[in-house]
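Visitor: Please take these sequences and the hints and turn them into a complete structure.
Residues per chain, in single letters:
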Amino acid sequence: MGLNRQHAAEIISHSFIGRGYYRLVLRAPDAARSALPGQFVMLRVSQYLDPFLARPLGIYSIPSKSSIEIVYRVAGRGTSLLTQMEPGSSLAMLGPLGRGFPAVEPGATPVLVAGGSGFPPLHFFASRLRRGGLSTPLFIGARDRAGLPPQPVLASFRKYGAKISMATEDGSAGVKCMVTSILDDYLSKSGHAASSVLYACGPRAMLAVVSRVARDRSIRCFVSMEERMACGVGACMGCSVRSGTGGFKRICTEGPVFEAGELDWSS
Amino acid sequence: MGLNRQHAAEIISHSFIGRGYYRLVLRAPDAARSALPGQFVMLRVSQYLDPFLARPLGIYSIPSKSSIEIVYRVAGRGTSLLTQMEPGSSLAMLGPLGRGFPAVEPGATPVLVAGGSGFPPLHFFASRLRRGGLSTPLFIGARDRAGLPPQPVLASFRKYGAKISMATEDGSAGVKCMVTSILDDYLSKSGHAASSVLYACGPRAMLAVVSRVARDRSIRCFVSMEERMACGVGACMGCSVRSGTGGFKRICTEGPVFEAGELDWSS
Amino acid sequence: MRNKMPEVRDQKSAMGSPDLSVEFAGIKLKNPVLTASGTFGYGEEYAEFVDLNKLGGVIVKGISLKPLSGNPPPRIWETPSGMLNAIGLENPGVDVFLRNKLPFLRQFDTKVIVNIFGYTVEEYAALAERLDDAEGIAGLEVNISCPNVKAGGMVFGTDPATTHELLTAVRSRTKLPIFAKLSPNVTDVTAFARVARDAGCDGLSLINTLLGMAIDVRTGRPRLANCTGGLSGPAIRPVAVRMVWQTAKCVPLPIIGMGGIVTAEDALEFIIAGASAVAVGTANFLNPRATLDVLSGIEEFLALRGVKRLDDLKGTVNTT
Amino acid sequence: MRNKMPEVRDQKSAMGSPDLSVEFAGIKLKNPVLTASGTFGYGEEYAEFVDLNKLGGVIVKGISLKPLSGNPPPRIWETPSGMLNAIGLENPGVDVFLRNKLPFLRQFDTKVIVNIFGYTVEEYAALAERLDDAEGIAGLEVNISCPNVKAGGMVFGTDPATTHELLTAVRSRTKLPIFAKLSPNVTDVTAFARVARDAGCDGLSLINTLLGMAIDVRTGRPRLANCTGGLSGPAIRPVAVRMVWQTAKCVPLPIIGMGGIVTAEDALEFIIAGASAVAVGTANFLNPRATLDVLSGIEEFLALRGVKRLDDLKGTVNTT
Ligand SMILES: Cc1cc2nc3c(=O)[nH]c(=O)nc-3n(C[C@H](O)[C@H](O)[C@H](O)COP(=O)(O)OP(=O)(O)OC[C@H]3O[C@@H](n4cnc5c(N)ncnc54)[C@H](O)[C@@H]3O)c2cc1C
Ligand SMILES: Cc1cc2nc3c(=O)[nH]c(=O)nc-3n(C[C@H](O)[C@H](O)[C@H](O)COP(=O)(O)OP(=O)(O)OC[C@H]3O[C@@H](n4cnc5c(N)ncnc54)[C@H](O)[C@@H]3O)c2cc1C
Ligand SMILES: Cc1cc2nc3c(=O)[nH]c(=O)nc-3n(C[C@H](O)[C@H](O)[C@H](O)COP(=O)(O)O)c2cc1C
Ligand SMILES: Cc1cc2nc3c(=O)[nH]c(=O)nc-3n(C[C@H](O)[C@H](O)[C@H](O)COP(=O)(O)O)c2cc1C
Ligand code: FES
Ligand code: FES
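Protein chains in written order, with numbering that gives the first Met the number 0: chain H, 0 to 266; chain L, 0 to 266; chain E, 0 to 319; chain Z, 0 to 319.
Since the hints were derived computationally from the structure, they do not count as laboratory data. Keep in mind that the hints are not guaranteed to be accurate.
Pairs of lysine-lysine, DSSO-like flavour, derived with a Cα cap of 30 Å [to be verified]:
| # | chain 1 | residue 1 | chain 2 | residue 2 |
| --- | --- | --- | --- | --- |
| 1 | E | Lys307 | E | Lys29 |
| 2 | E | Lys65 | L | Lys248 |
| 3 | H | Lys162 | H | Lys64 |
| 4 | L | Lys162 | L | Lys188 |
| 5 | Z | Lys65 | H | Lys248 |
| 6 | E | Lys248 | E | Lys174 |
Negatives, chain E to chain H, calculated, CB over 10 Å [stated by the list, open to error]:
| # | residue |
| --- | --- |
| 7 | Asp18 |
| 8 | Arg105 |
| 9 | Asp108 |
| 10 | Asp158 |
| 11 | Arg217 |
| 12 | Arg220 |
Just the calculated beta-carbon pair ranges, DEER-fashion [said to hold, decoys possible]:
| # | chain 1 | residue 1 | chain 2 | residue 2 | range |
| --- | --- | --- | --- | --- | --- |
| 13 | E | Pro159 | H | Ala7 | 49 to 57 Å |
| 14 | Z | Thr319 | L | Gly243 | 21 to 29 Å |
| 15 | L | Glu85 | H | Asp143 | 54 to 62 Å |
| 16 | L | Gly19 | H | Ala7 | 23 to 31 Å |
| 17 | L | Pro105 | E | Lys65 | 52 to 60 Å |
As the structure is a computational prediction, the values presented were derived from the model and not from experiment. Here a beta-carbon is modelled for each residue, glycine too, at the ideal position from N, C-alpha and C.
Guide: Next up, the structure:
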């Protein structure tokens, strides 16, 4: 690699941005230089032994040459401890880790699908799409309005040319349905279905449907997966998901981004 | 009791005061109202499970009707984590706990002896002595200059009328000897030996010598003891010291202040 | 309670306030939250912080026939998410307990379980007999697993034959319900659970502490004067939950589950694994009101999910 | 190294740079810091963070005769100051290991110890034979204690007779030094240490993980798909230190001590308790450079106290 992937990353800024999310900017020049959309970092939220393991968090953007930005949702003890860390202090960080989204092939139309808190890697990805004035469709699904990405995130996606469609299960924002329905409608209507390539991140159940939609339409689909992690570097075998060809794949090194067909979606 | 001894004590101020010590002022009206010199509190330094147990810390003073002041030395993981706590946040606290120094009897001359970081309870005690212009002798011992109480502490003792004599083992401040030697000299010379009552806090080895000095001169001596604690309320039997009459005494409830003769100093 | 006012209770459940009472080994607890022996003194020490009337019960610090002065200090050491202790069963002996400690506890509407300990079978048995007709004792917890007393305790808890002999002797000398407190320092805890059942025990308490050790590398001396000690606290919870689950699956005795319980969620793990009740131990040291926090958390959890009776949750772990 | 340049070494010690080399079971380690099996992959995964030349040795992830795909996810769960794992010994099998993994490790000036595992005595023995003449292997660590594989592993590690049979079979098929990796989930770990010695083992590794379990109270399902898993990390360190101490006292085999080592001080506890070397496990996940931090901390400690050779510290715990 040549680049150092173990850092004591200083917190440059840290703030609440709504709907349970925080925005964290870390000084990490090596990571900023090399990170690819879809990659993640492992952050230790304590210098002590409880909470114990590092937390995997996607890279949301590269705001400068020397920093990376993370947007995280307070989900449990680790992330709530993280919210207390002040600018100026440093966090032990590993990364960038894993394989990101593959580059968009010429002629392909990227279509982004984010469920729940799955938007951070797609945001980084959107920031790197060079689409010459064309807007990238972004489908966002959540249980309800409160489960949607916070406003600054939506604004930033728009800035990068995303055309956002939203669906909530309870209809409190956007269309009242599963996000996969509006995705399916779009693919039916757009006429672009053939050239579309899906890039999805979100709960496993959603990814399973997205990958079925893609398979049914014979279009390519890349999913970014989540599983509990210990090492983040392929050593512990803790983060495995079932492979489509039997056996398992480690999310941290063979993923987190997989072509949907590589995985077993049956269970 | 009537008073509540379990608090979420808000940090009012917290600052470094030199020589490895921090000064911590906590909002704790019930504790402020009832605390007696020599009593202590148990402070949890983390809301998480490592570091695990609460830390026993003496009460240094009662700066207002609603607050207590603690002065602590960074000794290990717990106290170094404590230094990171900011004003405005709250700490789980139990106290005041234990038995403090007995009131000075009429005609008695209190003589204070502090070794190492043993000064906090004596400081509180000094603040309560009403001696009508008479100064209280305070003997302070340390390995070297760096081991002495920080300047603000010395200044505050003086404010309360303490007449300080210092001894360091390496002679880098005060007399080059054990603090017990200058204490012994004082008692020999003062002519007050008969009316002197010793109040000592510091390392066990020092307290053993102080109590021997007192016994040899047949004067009363009260010592404040330290031992590792888990509960602080007499339930776990973890903090025992050997009693002079066989068996053990719990520092947290039967102490931390004992009359020297109650304890077994042989081991 | 259950028999006295069934209607009110049903109404309460219907209104969403779940029934937390549990009944086992002939003991009715108003709720499943007890205090683990040795971590709550004789109740008195924590009475200022906890309304003892609110607890399912209090399991007192281990009592022996004669007073014991315990191990020399240092007796405790902090470890990652836990602690080592080697108290050595310091206690005032059964006479002082009956005279000075039990009367205090009798004032409260809570069940008192007395943890007993001896160096010989006869000491245990005599102790059981002595407590048999004392007023205000709901049951005995037989500590056959203290890792901190060299002469006997540990051997009893780790050898099936002596364990059987001991428990049979205790059984023969008391009519009180008896709970065998099992050691986790064994290859197969269920074997000891079966021994306890065969010896006529009414229930099981598990787990006691894991045998551990820590060394001060600067002095080369063990952190505990006793050299080894018992490891307790959240660090050991996964071991405790596993042992409760293993035992509940194959031995039909009610279990008081313990080991590292700090929160209601921790306690619910034990219930779902198969425990009938739980005991909060080391957590009392972190938070004197830990028992009450656990209790209200359990109540909230049941109410939120519409579970009417705690018992409906017992042993419901889905391992398929 | 020791033989090649004794003068330089002596000079170094005289100058305060302590001798960290250790030699046991015919293996010379440049220093006592190894990596625990399953926590450092096959070295490659951490080679970016750690100069493998600096390590005393690498104990690789457990290898079986045939590839194993392991347990279904979820496979890990965080616990207080520790973690549960039920990887199920996923590994590519011995052939792929020899072809693709070992050559990488051979590039480095460090000792490679191969952790082996099978479902039957014959599988273990065949594996030992297969590795016997491979180039670049310093020794075998026989995992008789994995709590995560139902068929065999655990039974071997907790039953003396089958343990003896297994280790004797392995012994007869390889000339390499063999280390029995003992289970902590037993009543008396020293009994198994004696079995290992009687079977001709050259050394012992202890401890493996404690068997544990955690339950998601919201779903009622175990946190691990495998239901139970192995508890590792600082939470178990007091148990590990105790077992190393107990074993070192009474069985004259060199011990690789492990279980919750994060810092040099932790490692020194094991050495002082009687271990000849240490392995850093779960801590690698918290800090990929944990091994090197432990190593430099040990060196500093020895230098500061003027201890010339690490060996002078071994087993020096003062329990009087
Ligand atoms: C590759 C990857 C990228 C991620 N990117 C983001 C992101 O950009 N923003 C964001 O908000 N979240 C992200 N997550 C999820 C995030 O890791 C979890 O929300 C977080 O670990 C929860 O920790 P906690 O301590 O707050 O929760 P706890 O419930 O206390 O966690 C307990 C344990 O479970 C693990 N865990 C809990 N939830 C998850 C999860 N969903 N995935 C993996 N492990 C989990 C924790 O790491 C920890 O070991 C990502 C996860 C992965 C695997
Ligand atoms: C009654 C009493 C009053 C005290 N008052 C003060 C005070 O006013 N100011 C002050 O600076 N210190 C005081 N101490 C000492 C203080 O408790 C320890 O310095 C502190 O607990 C060290 O914690 P740590 O986490 O930094 O060290 P660590 O070494 O990480 O502690 C590990 C464990 O050892 C215990 N421990 C370590 N040192 C001591 C000690 N000397 N006494 C008791 N337990 C110890 C800790 O509580 C913890 O359980 C007092 C101790 C007692 C018993
Ligand atoms: C300080 C201390 C003293 C204990 N004394 C006893 C005792 O006297 N008898 C007994 O059976 N168990 C005793 N125990 C064990 C506890 O009752 C309990 O089984 C164990 O600590 C595990 O629970 P925990 O992790 O919640 O503390 C003691 C534990 C501690 C920490
Ligand atoms: C994820 C993981 C995988 C492991 N795999 C193996 C293995 O394959 N073979 C083995 O003998 N031990 C295995 N172990 C046990 C470790 O080698 C070690 O004995 C144990 O984790 C205690 O050390 P620690 O607390 O430092 O991790 C594994 C441990 C972990 C955490
Ligand atoms: S997290 Fe360890 S292999 Fe993926
Ligand atoms: S600290 Fe528990 S009895 Fe004193």
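Visitor: Please go over all the hints and tell whether each is borne out by the structure.
Guide: Hints, one by one, checked against the model:
Taken as a hint, the Lys307 of chain E and Lys29 of chain E pair is honoured in the structure, with Cα atoms around 15 Å apart against an allowance of 30 Å. For the hint pairing Lys65 of chain E with Lys248 of chain L, the CA-to-CA distance comes to about 18 Å; that is within 30 Å, so the pair holds. A distance of roughly 27 Å separates the Cα atoms of Lys162 of chain H and Lys64 of chain H; the hinted pair therefore holds under the 30 Å criterion. Taking the CA atoms of Lys162 of chain L and Lys188 of chain L, the gap is about 16 Å. The hint holds against a cut of 30 Å.
Under the criterion of a C-alpha separation no larger than 30 Å, the hint pairing Lys65 of chain Z with Lys248 of chain H is consistent with the structure, at around 18 Å. Simply put, Lys248 of chain E and Lys174 of chain E have alpha-carbon atoms about 27 Å apart, close enough for the 30 Å limit, and the pair holds. For Asp18 of chain E, the requirement that its beta carbon stay farther than 10 Å from each beta carbon of chain H is met, with the minimum near 30 Å. At the 10 Å boundary, the C-beta of Arg105 of chain E stays outside the reach of chain H, the nearest C-beta of that chain being 39 Å off.
Distance check on Asp108 of chain E: its Cβ is at least 36 Å (rounded) from any Cβ of chain H, clearing the 10 Å threshold; non-interface status holds. No Cβ of chain H comes within 10 Å of the Cβ of Asp158 of chain E; the nearest lies about 35 Å off, and the non-interface call holds. A cut-off of 10 Å between C-beta atoms confirms that Arg217 of chain E is not in contact with chain H; the least separation is 21 Å. The non-interface label for Arg220 of chain E is consistent with chain H: the shortest C-beta to C-beta separation is roughly 24 Å, beyond 10 Å.
At roughly 53 Å, the beta-carbon separation of Pro159 of chain E and Ala7 of chain H lies within the given 49 to 57 Å, and the hint holds. Remark: the range hint 21 to 29 Å for Thr319 of chain Z to Gly243 of chain L is upheld by a beta-carbon distance near 25 Å. For Glu85 of chain L paired with Asp143 of chain H, a C-beta distance near 35 Å fails the hint of 54 to 62 Å. A beta carbon spacing of about 24 Å between Gly19 of chain L and Ala7 of chain H agrees with the range 23 to 31 Å that was offered as a hint.
Taking the beta carbon of each, Pro105 of chain L and Lys65 of chain E are about 44 Å apart, not inside 52 to 60 Å as hinted.
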